[in-house]
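A.B. asks: Sequence:
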Amino acid sequence: MTPALALQGLNTFQGNARSFGTEGLSGFGEIGGYTPCGCCGSFHAIFEEGGGPLSLLNADDRGGFGPNGRVSLTTGGAGAQITRSNVAWTTTLGQPGTVTFAFRSTAPTTMPSDTVGFTRFTDAQIAATLLALASWSEVANITFTRVDGGDGFSDGATMLFGNYASGSDGAAAFAYLPATRTDSSNSGDVWINNGLSYNATPVLLGYGQQVLTHEIGHAIGLSHPAAYNAAPGQSLTYAANAGYFEDSRQYSIMSYFSESNTGGSFGSGRYSSAPLMDDIAAVQRLYGANMTTRTGNNTYGFNSNAGQAWFSATSNTSAVIFAVWDAGGTDTFDFSGYNNAQVIDLRQGSFSNVGALIGNVSIAIGAVIENAIGGSGADTMFGSSGDNVLTGGAGNDRIDGGLGSDTVVFSGNRSAYTVTWNGQTATVFGPDGTDVISNVEFLRFADQTIAAAFTGGLNVSGDITANTMTGTASVDTLNGLGGNDTLSGLGGNDTLDGGSGDDNISGGDGDDILIGGLGGDTINGGNGFDQVSYGTAGGGVTVNLATSVVSGAAGADVVTNVEWVVGSTFADTITGSAGNDRLDGNGGNDTIRAGAGDDVITAGAGAQTGGAPDVVKARATANATTGTAISLDGSFDLLASTEIANSTTIPHATVTAIAHGGMEYYAFTVAAGQTITLDIDNGSFDTTLSLIGPGGTEVASNDDSTPDGGPATDSNLTFTATTAGVYYVVVGQWSANSGSTFTSVAPTAGGTYTLHVSVASHAVVPLTLTGSTLYGDAGNDTITGGSASDTLVGGAGNDTLNGGVGVDGAAYSGLRRQYTANSTTVSGNGEGTDTLIDIENAVFVDGSLTFDVNSLAAQVMRLYDAALDRQPDQGGFESLLDAMERGQSLESLAGAFLASAEFQGRYGGLNNQQYVEQLYRFCLNREGDAAGVSNWVNALNTGTSRTNLLVFFSESAEHRTLTGATLQAGLWVANDNATIIARLYDATFDRLPDPNGLAAWTANLSGGMSLLTIATAFAGSAEFQARYGTVTNEQFVRQMYQFCLNREPDAGGLAGWTNALNNGTSRAQMLLNFSESAEHVSLTAANWLGGIRYDGFSGSPLEDASKHSGDFGPQVSPLADHVQVDHDAFVWLAVDTAAAVPDTASIDTAARLSWMEGLVHDGLLDLDFARFSSSETALFVRPDHLTDSELMGLGHAPLYGTAHLDDWLI
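Numbers in my numbering are just positions in the sequence shown, counted from 1, shifted up by 605.
Fair warning: there could be bad hints in the mix.
Claimed, not checked - Derived Cβ-Cβ restraints for the label pairs, each shown as a range:
1) Thr-1152 / Asp-1443: 27 to 35 Å
2) Gly-1612 / Thr-1348: 45 to 53 Å
3) Gly-1701 / Ala-1544: 51 to 59 Å
4) Ser-1432 / Gly-1701: 17 to 25 Å
5) Gly-1266 / Gly-1612: 37 to 45 Å
6) Asn-1018 / Val-1163: 52 to 60 Å
7) Thr-1430 / Thr-1073: 50 to 58 Å
8) Gly-1266 / Thr-1152: 45 to 53 Å
9) Thr-1214 / Asp-1478: 31 to 39 Å
10) Thr-1328 / Pro-713: 37 to 45 Å
Hint data in this document are derived by calculation from the structure and do not stem from the laboratory. All values reported here derive from a predicted model rather than from experimental measurement. Ideal Cβ positions, reconstructed from N, Cα and C, are used throughout, including at glycine.
Using the sequences provided together with the hints, build the complete structure.
C.D. replies: Written out as structure tokens, the structure is:
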């Protein structure tokens, strides 16, 4: 049998040996990696180079994310992870177990693979092993029974300990997980490399003692926190291989990684000799807690009576590293002999910094230490939820008693001290130093004990246990931390934080801040304007104040009497109540809906989206060679993923694959010196990985589980490239082990796996910062966007919409023509009058008014003004904008302007000097300064094109300022989908669309519904059937020509379409073809320019006018074509009620019976006139440099019957 778990020196790797597999355990194969120092020969841990200590996490902080962004596991979660194989020397987890052990007397018939040189354990090794066994049996109900053949050795036990001299790729040791109890089985056996000096003579806090304790952990069922792999050419790092934040030797002796990665510091060459916090949780999961260990009054540290050497300190230079398991009594931490500044924490699952080390002492979950004695330095002491006695000793100490009835002890009489009370803090000055004290009930002096006299609100924290905390009438801060806590704020503006666990939080009176934390919490704000905050949640949340239900990453909460919600920094969905709420997205791509009431909504920062989609590899794709390998180079990004280590800083690509039946090859480019990390998750077969370098040979391989703690079918590999070029990863299926190598075969067809490939510094597909969607609904709301591009929907009421940073949109439910809109105000359609601040687009169903100075629309508008000295006609504007949206450059458009007849008529015959002077006049509305003209003429003479110069003038800051007023009015950018639906209404029903129908069908089309499906629905409508339901196919075709194209069909068209219908073409398909025909698009174009005219809109579309009289001609276009308004102009509507027929001569300035006039400037005429009947109507335009008599020479456009004039360009 091959060893399951081992410690191995990285500097010993040679050749192409692959990782170990495990007989009977589906190739579990965990290999450890530890590096002896080349300088001093001592063992040093694997740590992040230059990373520095991080803030450590106590048990009540755990379960979300660590300070480095890595997933954090609770103590119980880590215990389950370390024992994820669920193997033990019992048949039921949690039950006591007994196992025999012996020190091997003779070598086995066959030594373990790749090992030689058996020797018996020495006396020093035996003593160290007995100590290590005791460390495990003290914390859990596992009994080790020694078998002795008479000389201290035997080969007849379940667990056998033996030495080997060399081999196993230089491993420090290895062991076998529990399985068969027979003496001949390797299950539970531990092998130690006696060729390593630290193993030959293990010492307390040395690496050799940890090796023994670590390997015994494997032998009784514990695994590494993640399934590490160390193989030739590979290196292990916390960043690349740690399974979760607490995967370090601060939390577990089963980890490979230095405590420095998680904020601890044990000093050079020091390691725990006994199980640590997470190891205790793990082994107790397997065998139950040993409740007979140290049930009396025990002291740990100086004056220790705890029975083990690692608990004892004897001088101020003594190093201690331990986690306490204590089953009862009144116990004490005594660190009085140290003169360093210490942190002493009595809460379960917490760490203390003792004797100049950091995070070196901890208390296991379930153990209670009541008292603490500090040293002569400036100590910080935390009590637990019980009744603590805390002695600061000499030095200026800070002491927080926490919950319970706590006492602080001083060495002198009361008269020697000055006590000053300030709210919830006391300052005690005297022989022991100046101590700052909070949350204690008594001060004990040598001659008397006095009660504390604190005033004001509380600032107190609980621990991992279930605490009950009650505030005061003042401002309180109550932190439940771990456990199922009950927090009551009572009066005052309190901050109540439940922490992890299922908490019951009541704010009471006042404006409170309520934080449920992890778990299913019940939160009641009480009276006041109360806030519930999910700012610390590790993922998105869904909060609904109307239903009181919260779900998502923070747990399933019930929230009542809360008016203010603060979301997470992820994608949240937040819904308000019927009252006046404040809803803060707090960052992420949020959707916030306020509901009724006058609400305040804020988005916060945006979320990163985009990047590269995952590669989906189908079963039919045969990528069995390097020649058919799937390239991943275009699939790398930096999107966050909990499945990938350092996903936001190291480029990565993901493949979801179905095996085709051969080896599976993927290719990617790597620069020299870059680290490659390959990780397979969710494998349905026992996966293997092989990495082929640019030279075509294998450079690394492995058959091992991923560092995220995946099952044995997963694999992971890390390799640093020495040569740049294309590398190939080959996914195979494990077949067999042979010594220290394994054999792979092609995966069975249909097998599935997910492959993650991370390559430092690889090119990535960029991410996009996306914003939130904020709904005000009813009421007068204040909505504020964040740093990304947000969508603000005010809804009913008079709302204030502030987009903030980014390109933001104010969205409305109707069509543009149902509103009055500009960059500061939008009103109409029953949605109130909204005030716009920093809004770049007003978004309607049929398009957007853009006010964005950097938009493509703004660039097109400026080019019109710069090149032609006029505003764009809407048709030309939309055509050119469409070209830019399809990728045409502004320079290319400028070239088209230069080639146009209009431009040539103005500039074509000019020399370079005249061209520059005209640009100044028409683009910048001024004469050019001499230096500027000279500079630009010289540029043209030396190779700069007129096109480039036009673009430069157009996009100059001066021209942007001059055209700013146009942007404030807005540039219309049509919604193509809405226009398509509008045309379909005209083609189907011979009418303009109704707004609600247009909105609904546009949403369907934008949401993915096919246009044919929509046309089929139109053809099935009652309105369609009433018109066409009984007609023959020929009649239907004829009417389509008449109603859709406004003409009679040509013979060929009539016959062709009739034949198509007779042979199976649906009327819906034919309807769609007519609607989207070039003829119909052109015929109806004027109906949609500047916003879609709709059914009920008080206008007379061009098409309707032409149907009224076949010889009528266009209404206003001739006038607009003939009048070049280069100046301000007066515009009026004249009505001649006496004229029976149009008579231009009868309408003059003296005969106007009624008229309205308005002043316009170089732009859009938007006058909403009343309807006129039984009269002739004409639109007059008089540029301000013409007289009335000159106006008559310009002509006018008459209208029959009722008429409406709106939005005509002049």
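A.B. asks: All the hints need checking, so say for each whether the structure fits it.
C.D. replies: Hints versus structure:
1. Separated by about 33 Å at the C-beta atoms, Thr-1152 and Asp-1443 satisfy the suggested range of 27 to 35 Å.
2. At about 52 Å, the beta-carbon gap between Gly-1612 and Thr-1348 stays in the expected band of 45 to 53 Å.
3. Range check, Gly-1701 to Ala-1544: about 56 Å between beta-carbon atoms, so the 51 to 59 Å window is met.
4. Between Ser-1432 and Gly-1701 the beta carbon distance is about 19 Å. The supplied range of 17 to 25 Å therefore holds.
5. Distance hint for Gly-1266 and Gly-1612: a CB-CB separation of about 39 Å, consistent with the stated range 37 to 45 Å.
6. At about 54 Å, the beta-carbon gap between Asn-1018 and Val-1163 stays in the expected band of 52 to 60 Å.
7. The supplied range of 50 to 58 Å is met by Thr-1430 and Thr-1073, whose beta-carbon atoms lie about 55 Å from each other.
8. Taking 45 to 53 Å as the suggested C-beta distance range, the pair Gly-1266 and Thr-1152 conforms, at roughly 51 Å.
9. Taking 31 to 39 Å as the suggested C-beta distance range, the pair Thr-1214 and Asp-1478 conforms, at roughly 37 Å.
10. Under the hint 37 to 45 Å, the C-beta atoms of Thr-1328 and Pro-713, about 43 Å apart, fit the expected range.
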